[in-house]
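Chains as they are written, first to last, in the numbering used here: chain A, 1 to 88; chain B, 1 to 205.
Hints are not guaranteed to be accurate.
[As the list claims (entries may be wrong)] With a straight-line Cα cutoff of 27 Å, these simulated BS3-like cross-link-like pairs (lysine-lysine) come out:
| id | chain 1 | residue 1 | chain 2 | residue 2 |
| --- | --- | --- | --- | --- |
| 1 | B | Lys61 | B | Lys18 |
| 2 | A | Lys13 | B | Lys73 |
| 3 | B | Lys114 | A | Lys46 |
| 4 | B | Lys136 | A | Lys43 |
| 5 | A | Lys73 | B | Lys147 |
| 6 | A | Lys13 | A | Lys46 |
| 7 | B | Lys14 | A | Lys73 |
| 8 | B | Lys114 | B | Lys89 |
| 9 | A | Lys73 | A | Lys54 |
| 10 | B | Lys198 | A | Lys73 |
| 11 | B | Lys29 | B | Lys61 |
| 12 | B | Lys198 | A | Lys5 |
| 13 | B | Lys147 | B | Lys114 |
| 14 | A | Lys25 | A | Lys5 |
| 15 | A | Lys5 | B | Lys89 |
| 16 | B | Lys85 | B | Lys114 |
| 17 | A | Lys54 | B | Lys147 |
Hints listed in this document are in silico derivations from the structure and should not be mistaken for laboratory results.
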Amino acid sequence: MLSCKEFVEQSAKIVDNEELTIGQKLNNKLHLFFCHHCRTYLKQAKMTVAVANKLENEPATAPQIEQSIAEMKGFSASQDQTSEPASK
Amino acid sequence: METIDFQNEDVLIKALLKNDEQAFRYLVKTLYSQLLAVARAIAGSSIADEVVQESWISVLKALPKFEGRSSLKTWIIRIVANEAKRRLKKESRHVSLDSLGDDNDDFLERFDSKGHWIRPPVNWDLATPEEILEEKQLKCCIDATIKVLPERQKAVFVLRDLENHSLEQICNILDISDSNVRVLLHRARHKLFQIIEKFQETGEC
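When you get a sec, could you build the whole thing from the sequences and use the hints?
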């Protein structure tokens, strides 16, 4: 039977709903049947990912945004200049 | 003022091609953090901002040729990743694995040599993600924990759990193996797990 450490190490596949072999599924089920600590762990590992899925990225700072926009505007202005003679 | 639906990718692309400043702003606000996480994971913190800034021009230059084989977001992330790799190569820089976050998973210290729990998980009173995130102090601790994750762990965690990219996409973006992506993700999630657990046990973090 899997040890608790082995179960925890490969539990991400269960958390992420990845396809498991029949052998892996049986080993996991057998372990979970006998081990309430790992049942608790699995429930809370799933909860942790559900929490993470609800988080939002740290917002960019105002200088990061403004500098990026300045780069883009600078590029588009340079494109406008190079395309002007052709349009005349 | 007219509201433009930039969440619609076609609308956003058309506006970007017309050099619409509102579209630039939307794109930057939506993507900056994840692009920065990718650039940091590949090239290190010191030049990551510069890499992202320089990539905007590459994005605009290449946009007329965008074929829509992936989402615009994924396509831009790839441009930033390539720019970060190019900069790293150009400057012959070496980014140490330590600075990128190959630290140990201290969660595994909770087992004895036979793999049995020494410190098993405790039951959590807060039973839903909403309840967990409504606890202001805990939410601050979660945000702070993510902020200081080592660079590669953070990039993998952000791309997978916040932005829902597949493991395969993450391997390609960051140029790391499937098993390494899994290890980094598992470590980041364990840090979050332990922060939530500590708060549930002690009421502080």
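Looking back at the numbered hints, which does the structure fail to meet, lowest number first? 5, 8, 9, 10, 13, 15 and 16
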